[in-house]
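Following the hints, put chain B in place on chain A, whose structure we already have.
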Amino acid sequence: MPKLFMLGLLMALLLFISAAAQPPPTGNLDTAQSASGVAAPPKVTAFDTPNDAGGSITIQWERSPDDVFSPQDFAGYDILKATSPQGPFTKIGEVPGGSRGPDPLTRTYMDNGTKDGVLYYYAVDAKAFDGSSRTVTSAPTTSKEQWFNSSQLNLFIAVIFLTAAILYYISSAKAGKKLYIRKIAGLEAVDEAVGRATEMGKKIFFIPGTQDMDNVQTIAGLTILGRVAKLTAEYEARIDVPVSRSLVMVTAREVVKEAYLKAGRPEAYTDDMVYYLTDDQFGYAAGIEGMVVRQKPATIFYQGAFYAESLILAETGNSIGAIQIAGTAMPAQLPFFVAACDYTLIGEELFAASAYLSHEPKQLGSLKGQDLGKLVFILALLIGVIIQVSGIFDFSSLFNVVGGGE
Amino acid sequence: MKREVPLIICATVGIVLIFQYFIPAEPFGTLNQVFSDWFQVIGAFAIWLGALNLIKVSGNNVYKKRKDWPYSLLIIISFFVMVIVGFFFSGGRRFQDQGTAFSALYDYVYSPLTSMMFALLAFYVGSASYRAFRARTKEATVLLLAAFFVMLGRVPLGDTLTSWLPNWLHMSNIANWIMNIPNTAGQRAIMIGIALGTVSTSLRLILGIERSYLGGE
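Order-wise, the sequence lines are chains A and B. Numbered according to my numbering, the first sequence terminates at residue 406, and the numbering increases by one at each position without gaps. Numbered according to my numbering, the second sequence terminates at residue 217, and the numbering increases by one at each position without gaps.
Since the hints were derived computationally from the structure, they do not count as laboratory data. Treat each hint with caution, since some may be false.
Heads up, simulated SDA-like pairs for lysine to any residue below, C-alpha to C-alpha not over 20 Å straight-line [to be verified]:
no.	chain 1	residue 1	chain 2	residue 2
1	A	362	B	202
2	B	56	A	250
3	A	362	B	209
4	B	67	A	201
5	A	296	B	66
6	A	177	B	209
7	B	67	A	275
To spell it out: a stretch of chain A is covered by chain B in this simulated footprint if at least three of its residues, at any positions, have a beta carbon under 8 Å from a beta carbon of chain B; those stretches are [what the hints assert, rightly or not]:
no.	segment
8	142 to 153
9	284 to 293
10	331 to 340
A virtual CB, placed ideally from N, CA and C, is assigned to each residue, including glycine.
With the rest of the complex left out, here is chain A (with noise of 0.2 Å):
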């Protein structure tokens, strides 16, 4: 199967130079110039705006040798569409001259106002500030839509990739096959700190994050919220759950419920254990920050996404000696946390938590899909840097997504 795994990178790795080396896709060419004082465009192109929706073409340019010669007595140009090539033409809009994007001596234009199915006859009138040129494009063009972005191909492949890593080790999960996963320090600590609470008498805070449930660390932070109360349920501590998101009360409302119904005591459960305080970043802070201070809780767990006030929260925490367990995948507030708590599920850590606390096979095999890819990165980083001081070719371009289509 191994084998499989790197046939399958090999050829991912081919798709994603065939896929960098395609050209753009170009549509007819220019013809018909008009002379005046200044020199029209050499070439005009236009063609269907690649990997969009349809509704849009691209014309495309030399510039004219007196926007690149003489620019200050070049005043731009204007970009003229019709539906025949004798016109009448209407300008769509214009472009000033001088050198902009990655090719000195090409401008484009992307007109955005065509219907899918019509032929388009495109003029580009160069401008001095004494008169204008014309180049009109020789054959017409039409726009239409795309089922598939190419410009994301190596995405696709890759998430296609890791989709069939993480059921492949799903699968053999199932089928009986042992699993090692790493401890995870974090989590190991879930039962002491619960324990704690209900030695001393003192409540559990759990704050799921400022997010809403459309953001996955809150989701993540939910499941753990489910293995903490079930924990809660069963040494009969208390457990407090503040909220800044009213679909994330109701969501955490129906973990806590269920959790409590699971360990069998469901009469222990009361809807106010998790409460909605405000939507406000630092109105919530606040709120909690309070609570923290006159309630002293023994144990807080921060689970989900976080901005700046995971130190407000994390500190306050710590002010008051609670056992502190944190889990975010904001790169920027881990340091925080990391300073603050006593333990701290970084990044990934978050999304595995529900998986490792869980012991389902099904579970556990994903988190082996998940290494599978980080192995993938590790050898791509290594054959990228090989390549790329080498100078054989921009390997970096392979992993080029956002606008590499337009």
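Leaving out everything else, chain B in the frame of chain A:
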């Protein structure tokens, strides 16, 4: 059915949203925006759930004279003052417009309070740094040294002190090297882990393997 329906919705929406990322053609091209809009609409309605819960919990605290009940009373008063002023004392204008009583409360009460909370961070950074930078272990010593070079390299004094050294040993260059090479490498390693973790978690949610957010195992 209580479990199955949310799982089916989650799987369908998840798969469609993955596809829409790679398919520009309609209707996929605009689906992300459509779903985001729906989320905003649902979120806006849900705000009332939060507001009502806040009033209910605070009201109970006041009614039952629980510990620290005056804070709950303050919450209720603040809430209703903002609502009443916004609805009834805007003089026929929109409540957010400049010059209304609501905007005065916002500018002269709410904003300073928020700024005050944000400003507290400076003190917390000081106390957290004090603990983190104590050279008790090898790692903490490396952290302390890195912090020393970066902080000194960010102020003119750093370069003045090292002006007699070769250019590459000037404090600002050392600070830039620390930030651009080891720091960036560490950040990227964390980012790659986060990206893979996000994909893995999303896949578990879509496939219904991870269902604890619905209250299940």
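Results for each hint:
1. 362/A / 202/B: OK: residue 362/A and residue 202/B at ~14 Å, within 20 Å.
2. 56/B / 250/A: holds, 15 Å
3. 362/A / 209/B: holds, 7 Å
4. 67/B / 201/A: Judged against 20 Å, a Cα distance of about 17 Å means the pair holds.
5. 296/A / 66/B: holds, 16 Å
6. 177/A / 209/B: Roughly 18 Å between the alpha carbons, so the hint for residue 177/A and residue 209/B holds.
7. 67/B / 275/A: holds, 17 Å
8. 142 to 153: holds (count 6)
9. 284 to 293: Held - the segment 284 to 293 of chain A has 3 residues with a Cβ nearer than 8 Å to chain B, which meets the minimum of three.
10. 331 to 340: Coverage by chain B holds here, the residue count being 7 at a Cβ distance below 8 Å.
Consistency with the previously given hints is maintained throughout, with no hint failing.
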